[in-house]
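Spelled out, the chains give:
Number of protein chains: 2
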Amino acid sequence: MDKKALYQLSYGVFMLASKAGDKVNGCITNTCMQVANSPTRVAISVLNTNYTCDLIKESGIFALSLLDDTCTYETIKHFGFQSGKNVDKMEGITFPEDLNGIPYLGWQTCAVISCKVVESMDLGSHTLFIGEVLDAKLLSENAPLTYADYQNRVKPKPQAVKEERKIVGWRCKICKYVYEGSELPADFVCPLCGHDRDDFEPIYE
Amino acid sequence: MDKKALYQLSYGVFMLASKAGDKVNGCITNTCMQVANSPTRVAISVLNTNYTCDLIKESGIFALSLLDDTCTYETIKHFGFQSGKNVDKMEGITFPEDLNGIPYLGWQTCAVISCKVVESMDLGSHTLFIGEVLDAKLLSENAPLTYADYQNRVKPKPQAVKEERKIVGWRCKICKYVYEGSELPADFVCPLCGHDRDDFEPIYE
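So the protein sequences, as listed, match chains P and Z.
If you read the first sequence in our numbering, its first letter stands for residue 1, the second for the next number, and so on.
If you read the second sequence in our numbering, its first letter stands for residue 1, the second for the next number, and so on.
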């Protein structure tokens, strides 16, 4: 199987948020599709290690902010590159809230979709949630950010590695997992947090 | 709920094919996302009225041809605008076949993904299938066709309506369903075949 073939699937980029009691969190995801139109339902897939996944399982509600093409790398980093288990990502920021009281992004976002979970399925690394759409709003006329746009334009290119130093391993910048070996395979995915090769940094001898 | 907000979700465009015994068919869909990475699984959603949906339910296997940016409107029409219940779409064309013997497109296609169904869920209008990926191959270096590209570039623009003639109804070009009334709502979706307003033609007095 050539995993690069799977990279040719097209996705958007989203800030997925949930709330359970007084716990609130949001993360960056790239999986959402409408899967039925009567009633209107969407499917999302969320890493089981994500704190937002725990909150959705607990409360059965979520809000998806559809990031648009004005989205900055800072927004992706804020919600995507740190865990709500360690940091309150909502602290000090005033967010608009949807009908369930879940915060969504009122900027860099073209639409927001609010759902309640009607089915879920544990798929090992991820949980698939089927959400009945309770509300959906257009927020701007900007084009949605696609995952390809994010990879090609928004995400900074990895710096060229200085070849004179010997690489003995690779560290995941997200969760600190260490891969031992000088060559990180091109299709390597972090077994702990699911991020790909681009989120690893070299460890030098 | 503003359904236009849901139109901001990003999708690819696919030729989804299946085979059950000596029955073979393919249709055009826009829903596929990778939903887990250990094991590698994708989710697709298929209209229950589609013949391809019947074949997937019967055999539990499917192949997804990821259309690329060289895809023509003729290809979309051939697989998307006629039903395999009435027409043999595969007749007279030689297709490559995947490991399950399912035909895929060897042209206008950047990758093919072959799956067996491990879970399915009836969602009313559609069935959601979770497929374990058995094989995946890159076929070209062309960029994948996105659903937005298809709408903006590949699909012909509807001809301007001659305003001097009175419109009394709208006919779905796909399944011939008739909507009675002069104004077809912007978010109207055909209750029989699920196609949207762009696939309706006016009926004049």
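Calculated from the structure, these hints are not laboratory results.
Hints are supplied without guarantee of correctness; some may be wrong.
As the list makes no split between identical chains, a pair holds if one copy fits it or if it spans any two.
Said to hold, decoys possible - Straight-line alpha carbon distances no greater than 30 Å define the calculated DSSO-like cross-link-like pairs of lysine-lysine that follow: (1) LYS137 x LYS155; (2) LYS57 x LYS166; (3) LYS116 x LYS77; (4) LYS4 x LYS137; (5) LYS77 x LYS4; (6) LYS155 x LYS4; (7) LYS166 x LYS116; (8) LYS137 x LYS166; (9) LYS157 x LYS137; (10) LYS57 x LYS116; (11) LYS4 x LYS116; (12) LYS23 x LYS157; (13) LYS23 x LYS166; (14) LYS57 x LYS157; (15) LYS116 x LYS176; (16) LYS155 x LYS176.
Hints versus structure:
1. LYS137 x LYS155: both (27 Å within a copy, 26 Å between copies)
2. LYS57 x LYS166: For LYS57 and LYS166, the Cα distance exceeds 30 Å both inside one copy (44 Å) and across copies (53 Å).
3. LYS116 x LYS77: Within one copy, since 27 Å is at most 30 Å while 36 Å is not.
4. LYS4 x LYS137: Answer is between; shortest inter-copy Cα gap is 8 Å, intra-copy 34 Å.
5. LYS77 x LYS4: both (25 Å within a copy, 28 Å between copies)
6. LYS155 x LYS4: both (19 Å within a copy, 28 Å between copies)
7. LYS166 x LYS116: Cα proximity of LYS166 and LYS116: none, with 51 Å in one copy and 43 Å across.
8. LYS137 x LYS166: neither (52 Å within a copy, 33 Å between copies)
9. LYS157 x LYS137: Between copies only: 26 Å across chains, 33 Å inside a chain, cut-off 30 Å.
10. LYS57 x LYS116: Both: 11 Å inside a chain and 28 Å across chains, each within 30 Å.
11. LYS4 x LYS116: between (33 Å within a copy, 19 Å between copies)
12. LYS23 x LYS157: Neither. Shortest intra-copy (35 Å) and inter-copy (48 Å) distances fail the 30 Å Cα cut-off.
13. LYS23 x LYS166: neither (44 Å within a copy, 57 Å between copies)
14. LYS57 x LYS157: neither (35 Å within a copy, 44 Å between copies)
15. LYS116 x LYS176: Classified as neither; 33 Å inside a copy, 35 Å across copies.
16. LYS155 x LYS176: within (20 Å within a copy, 46 Å between copies)
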